[in-house]
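Chemist: For the record, the sequence lines run as chains A and B.
According to our numbering, the residues represented by the first sequence are 3 to 88, in order.
According to our numbering, the residues represented by the second sequence are 1105 to 1331, in order.
Because the hints were derived from the structure by calculation, they are not lab data.
Ideal Cβ positions, reconstructed from N, Cα and C, are used throughout, including at glycine.
Selected chain A positions facing chain B (in silico; Cβ < 7 Å):
(1) P20
(2) N72
(3) V74
(4) I75
Just so you have them, the derived chain A footprint on chain B, three or more residues with Cβ under 8 Å:
(5) 1156 to 1166
(6) 1206 to 1220
(7) 1245 to 1254
Simulated DEER-style distance windows between Cβ atoms:
(8) Q1129/B <-> I42/A: 42 to 48 Å
(9) D1305/B <-> V40/A: 40 to 46 Å
(10) R4/A <-> P1115/B: 29 to 35 Å
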Amino acid sequence: MRFVVRVDVTHLPGIADPQGATVERALPALGYTNVSEVRIGKSIRLVIDAGDAASAHHQVAEMCERLLANPVIEAYSIEITELAAT
Amino acid sequence: MSARVAVIVFPGTNCELDIVHALDQLGGAPELVFHTETSLDGTDAVVVPGGFAHGDYLRTGALARFSPVMTAVAEHAAAGGPVVGVCNGFQVLTEAGLLPGALQKNAGLKFLCETVECRVETSRSVLTAGVEPGTVLRLPINHFEGNYICDAATLARLRAEDRVVLRYVDNPNGALDDIAGIANERGNVVGLMPHPERASDRLLGSTDGVVLLQSLLDAAVARSAAA
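Please work from the sequences and hints to get the whole structure.
Modeler: Structural data, given as structure tokens:
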């Protein structure tokens, strides 16, 4: 089965996010004074062949632990969608 | 007898020639080793130089740790061999798990290119064995992601085990505890953000880096003699 996977990598809470802070400071200049908690992260998209969604999730989690995210400073979330067979 | 030093080159590394020149001037025998090499036989010490290994893609140092040569570097380190990571090299060593913690973006979000004062905190490392603790060295830094961080437990260990090797006198990038360089438990693996090779020639304005490189060469010679 084929799955489309989206991994969101973000800073761990408590880790400084200077990019997010900078963007947050820039938004009021555009007229948005109602925005807070801007966080900037990374989005990784991939397609994986796996027996089932659980297996796909497990493998992607391993990829996150080993490469896609640095557990010292980053957290990740995984979203899996089955690709309809064509 | 010359100390054979392997200077690792990844695609995107750009400081290897400076390291080679500096070690050459001090009587060492540096040799460039491409990242696809799988053997470091005959090597007395390893330097992972600065630059942008693998374009810093995904995260700085993240992809370099999967290069074939890193297995040999890890084995060399495990056997007690001296390994020094400079700047990007420090980032590679943390991603490879040979040193704890991580290097994040500078607090001011500026790429720093300046000479800063760094204090040697311990002589209990292959990079500082010949330096009196408390010595202040003027060394160039050249980085966007030199902000060292680790969790509280790791920091406590680093301090308790005398593994903070170098601290900034005036922290330029927000690094935790002003840390500019650290060592592993045995003191044979050291990572630092400043560039000692760029302070090793009067023509460059400072020779403060010489004592660090000399300590490394002495450690390499000792290893060679013991082999």
